[in-house]
Amino acid sequence: MNAVLECAGLDAGYLPGQPVVRGFDLTLAPGEVTALLGPNGAGKTTVLLTVAGLVPALGGQLTIDGKPLGKGKARAAAKQGLVLVPDDRSLFTGLTVRQNLSLCRRRGGIAVEQVLEYFPALAKRLKLEAGKLSGGEQQMLAVARALMLQPRVLLIDELSMGLAPVVVEELLPIVRRVATETSAAVVLVEQHVGLALEVADHAVVLVHGEIVLARPASGLAADPSILERAYLGELPAPAG
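Per my numbering, the very first residue in the sequence shown carries number 5; after that it's consecutive.
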């Protein structure tokens with residue numbers, strides 16, 4: 005299966021010549037979910053912002069469907085099918101649920117009702133302002149808005165931010181379903197590691213800006229000690 009997104013030797017950061025992520029490699033196939041894991045400050049969000057075109061890459065190559073991505077050009081990346089769900093959700097809190105969704109609908113794109121099949125709870129809140137939703141409902145709306153853009157690659161930063169674990173347990177399987185049914189490739193940054201591994205195909209662990217582990221998620225879920233050693237920096241970087 006052809007890759008939809010490839011990162012090759014990606015250097016990422018906020019100041020020229022000072023990368024905080026170095027030599028990041030990732031290949032995503034349609035319909036795959038990759039959990040991007042690591043301790044706070046490892047560079048996970050920096051990777052997502054760079055891939056989404058919000059921060060210019062400092063080095064390396066980024067391609068989607070084999071075509072180069074414009075460096076630091078978020079609009080161009082979005083047109084190519086890269087969509088980011090940021091950790092702050094970035095909702096229009098004074099607008100209703102329907103208005104938030106309609107703003108993201110592309111001409112000739114999918115209908116609001118199609119996206120709501122993944123989030124039936126939102127169907128009962130269409131006339132409610134986004135700022136009056138619960139935290140879980142706001143996160144549902146943030147993901148639903150991204151789906152209105154029909155992403156080829158969906159980047160989700162900290163889905164569980166500020167949410168109770170029981171809500172996260174409800175949301176993560178929806179991410180898995182979205183990937184399977186729409187063939188979108190998903191990169192999921194998540195601190196609830198065990199829950200993320202349950203829905204992911206692959207896992208990549210970043211520590212101090214470098215990949216220290218890249219394996220199938222099922223194997224890591226079966227042996228959490230490997231992850232613990234990776235977080236502590238006790239594993240050698242994978243050969244590449």
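No wet-lab data here; the hints were simulated from the structure. Incorrect hints may have been included.
What the hints assert, rightly or not - 25 Å max Cα-Cα, derived SDA-like pairs, lysine to any residue:
{"hint": "1", "residue 1": "K71", "residue 2": "A115"}
{"hint": "2", "residue 1": "K77", "residue 2": "E117"}
{"hint": "3", "residue 1": "K131", "residue 2": "E141"}
{"hint": "4", "residue 1": "K71", "residue 2": "R156"}
{"hint": "5", "residue 1": "K128", "residue 2": "Q142"}
{"hint": "6", "residue 1": "K136", "residue 2": "R156"}
{"hint": "7", "residue 1": "K128", "residue 2": "E117"}
What the hints assert, rightly or not - Taking CB as the label site, the calculated pair distances span:
{"hint": "8", "residue 1": "K83", "residue 2": "P43", "range": "16 to 24 Å"}
{"hint": "9", "residue 1": "Q22", "residue 2": "E185", "range": "22 to 30 Å"}
{"hint": "10", "residue 1": "G135", "residue 2": "H212", "range": "34 to 42 Å"}
{"hint": "11", "residue 1": "A80", "residue 2": "D227", "range": "39 to 47 Å"}
{"hint": "12", "residue 1": "R219", "residue 2": "S187", "range": "19 to 27 Å"}
{"hint": "13", "residue 1": "Q22", "residue 2": "P220", "range": "30 to 38 Å"}
{"hint": "14", "residue 1": "K83", "residue 2": "N6", "range": "15 to 23 Å"}
{"hint": "15", "residue 1": "G112", "residue 2": "P169", "range": "14 to 22 Å"}
{"hint": "16", "residue 1": "I114", "residue 2": "N6", "range": "21 to 29 Å"}
{"hint": "17", "residue 1": "Q195", "residue 2": "L19", "range": "23 to 31 Å"}
{"hint": "18", "residue 1": "L132", "residue 2": "E173", "range": "42 to 50 Å"}
The beta-carbon is built from N, C-alpha and C at its ideal position, and this holds for glycine as well.
Outcome of the hint check:
no.	hint	in the structure
1	K71 x A115	28 Å, violated
2	K77 x E117	30 Å, violated
3	K131 x E141	13 Å, holds
4	K71 x R156	13 Å, holds
5	K128 x Q142	13 Å, holds
6	K136 x R156	30 Å, violated
7	K128 x E117	12 Å, holds
8	K83 x P43: 16 to 24 Å	34 Å, violated
9	Q22 x E185: 22 to 30 Å	41 Å, violated
10	G135 x H212: 34 to 42 Å	37 Å, holds
11	A80 x D227: 39 to 47 Å	41 Å, holds
12	R219 x S187: 19 to 27 Å	23 Å, holds
13	Q22 x P220: 30 to 38 Å	33 Å, holds
14	K83 x N6: 15 to 23 Å	20 Å, holds
15	G112 x P169: 14 to 22 Å	39 Å, violated
16	I114 x N6: 21 to 29 Å	24 Å, holds
17	Q195 x L19: 23 to 31 Å	26 Å, holds
18	L132 x E173: 42 to 50 Å	24 Å, violated
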